[in-house]
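Trainee: Protein chains in written order, with the working numbering: chain A, 1 to 170; chain B, 1 to 431.
To be clear, the hints were calculated from the coordinates, so they are not data collected in a lab.
Heads up, a few of these hints could be off.
Claimed, not checked - Straight line, CA to CA, 20 Å or less: simulated EDC-like cross-link-like pairs of lysine to aspartate or glutamate:
| hint | chain 1 | residue 1 | chain 2 | residue 2 |
| --- | --- | --- | --- | --- |
| 1 | B | 287 | B | 356 |
| 2 | B | 137 | B | 117 |
| 3 | B | 342 | B | 404 |
| 4 | A | 73 | B | 107 |
| 5 | B | 297 | B | 215 |
| 6 | A | 87 | B | 107 |
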Amino acid sequence: MNETYDFDWDDLGNLEVGRPNLGCWASLLAYRLMQYTFRDVLSKEVGLDKTLELFIQAGKLAGRNFCLQVLDKSLGFEPFIADLKQKLIDLKIGVLRVEEADLEALTFVITVSEDLDCSGLPIFGQTVCNYDEGFIAGIFFEYTGRDFHVKEIDCWATGDRTCRFNIKPA
Amino acid sequence: MEAGALVILRQLDQSLARIMKRGIGYERLTLSLDCPDNSDPELRDICDRLNSLFSTLDEFYQYASQLAEGNLEASASRNNIFAMPLKSLQASLRHLTWQAGQVASGDLQQQVHFLGELSHSFNRMILSLREKQSLEKRLKTITDVLGEGVYLLDQERRLIFMNPEAERLLGYGFDELAGKRIHEFIYGQHGDGTRFNPSSSPLIISLTEGREFKDPDAVFICKSGYLLPVAVICRPILENNRHAGTVIAFHDITEQKKSQESLEAVNRILEKQASTDPLTGILNRLKLSQQLDTEMKRAKRYATPLSILLLDIDNFKSVNDGYGHLTGDAVLKEMAHLISGKLRDSDIFARWGGEEFMILIPDCDISQAKACAEKLCRAIAENPFSVSTPVTASFGVAGMRPEDTHESLTNRADQALYLAKQNGRNRVECG
Chain A
1 MNETYDFDWD DLGNLEVGRP NLGCWASLLA YRLMQYTFRD VLSKEVGLDK
51 TLELFIQAGK LAGRNFCLQV LDKSLGFEPF IADLKQKLID LKIGVLRVEE
101 ADLEALTFVI TVSEDLDCSG LPIFGQTVCN YDEGFIAGIF FEYTGRDFHV
151 KEIDCWATGD RTCRFNIKPA
Chain B
1 MEAGALVILR QLDQSLARIM KRGIGYERLT LSLDCPDNSD PELRDICDRL
51 NSLFSTLDEF YQYASQLAEG NLEASASRNN IFAMPLKSLQ ASLRHLTWQA
101 GQVASGDLQQ QVHFLGELSH SFNRMILSLR EKQSLEKRLK TITDVLGEGV
151 YLLDQERRLI FMNPEAERLL GYGFDELAGK RIHEFIYGQH GDGTRFNPSS
201 SPLIISLTEG REFKDPDAVF ICKSGYLLPV AVICRPILEN NRHAGTVIAF
251 HDITEQKKSQ ESLEAVNRIL EKQASTDPLT GILNRLKLSQ QLDTEMKRAK
301 RYATPLSILL LDIDNFKSVN DGYGHLTGDA VLKEMAHLIS GKLRDSDIFA
351 RWGGEEFMIL IPDCDISQAK ACAEKLCRAI AENPFSVSTP VTASFGVAGM
401 RPEDTHESLT NRADQALYLA KQNGRNRVEC G
């Protein structure tokens, strides 16, 4: 545990060169298999609460890098959200939709349908998109320079057909 | 157990029959199966599940009804398995509501994804709005740089747009004029600044009648009260052959008027120069020839008499030789001034050349002309000119004959003048 790893976008590698035949798309099954087995193993190692906290932290790191590498921070809020929506669709992460936006208070309610993490899951009775919470918080942090608290209030796993997130300054 | 199951099935059938007959909306979709206390535990479980199913269906029905009424805040239990597809629709509708608000406030970045035909229609609408916005921007750029003031009126003739040049020219900002009727801020003016009655203003009338109106020489009153000369054009906007508004374009013609006025002044001067003898200020020979033609035509047409007097200053060479040309010029001026003062307004007096003058007297026969010439002859002889030697003049008079031309008439006057010289000068002879 003495050694640590610092994430670098370049570590994702050159997908086109690396997979000339299979291309850059993989099965959602493979993604979920990795995520939920991580969840299993980590929860047994460090407990479920700590596991969820780690997922949020990892998601936030991903969100910040995603914003820096994929999105255009110079855009105004409306075109930024439009760009974000399109990129999330292009990368097949989910269908982001805004339900409420208060640009003065910086509070938002957004939904993500066909979410990578949960759509089609059985009803667990609790939200499971912790990685998404962090991912969204990371994007908003990079875009606004402020910390945000993102809480998933509805999830496929709680019986809804779309994930709904409350976003407000931390 | 079979008897208990039969009882439950009968209760279920009665409830369903009632619901299917009267409809769900009439009463709640509830089912309360009474399970005998002593019934089998498995039967009680079945009863509980059926009660729960109906309760879930009832909640779903209430939830769907609220959504159908447009209540996007409606909610259903998380474990309501029937409500799940509607929850997805509800989320989409809430997003659409937000998007509609965004579009209304000018955000044309919105796109609807994965909602079938609704997505296509919405996205087409956004594309159309973007094109319209782009066109509006281009038009705004054009009107911003245009050297014309532009007002756009709606069909009620209320102002809905104006460009910066219109503000610059008349001094009114858009905030001051937005929604005002045209006659409240564009005053139809006469050239002298007096206002038209709105009901008689050609501009307002043409706007009312939906006609095009042009006035290259109109006057608008500025906010400051300054009268601005403008060239204005109003053109109706037709949509589906109905009057949908009006465009008014106008520009300042102050400079144009100034240059036009100065040009007119120059032209007047040039015209005067072309027809005036520069030394004496009376008409020159060219102008008199034109006038003679005109008067001869008039006299022939109306059969009225016309006479001409040709006079020559006697011994003028001796004046020039004795007193110099400047004094000679002074005598010519004095002569012109003297004769001018003794003629009628209708008489035409010109310098014919050198020291010769001609007088054209319309509506005057030769005897009257001779009398006039003798009167002038005496007046000249009696006039104290600026030279010490006496100044006299000889006169040749000719009356127009029907067959006369310009040349024949003037020739006779010239011959008569020659005769007057021959006969001793300072006298009148008729030809």
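Trainee: Look at each hint and say if it fits the structure.
Mentor: So, going through the hints one by one against the coordinates:
Proposed proximity of residue 287 of chain B and residue 356 of chain B is supported: the alpha carbons are some 15 Å apart, at most 20 Å. Taken as a hint, the residue 137 of chain B and residue 117 of chain B pair is broken in the structure, with Cα atoms around 30 Å apart against an allowance of 20 Å. Taking the CA atoms of residue 342 of chain B and residue 404 of chain B, the gap is near 27 Å; set against the 20 Å cutoff, the hint is violated. For the suggested pair residue 73 of chain A and residue 107 of chain B, the alpha carbons sit about 18 Å apart, so the restraint of at most 20 Å is met.
As the CA atoms of residue 297 of chain B and residue 215 of chain B are separated by approximately 40 Å, the hinted pair breaks the 20 Å bound. Only pairs whose Cα atoms come within 20 Å are accepted, and residue 87 of chain A paired with residue 107 of chain B is accepted, the gap being roughly 19 Å.
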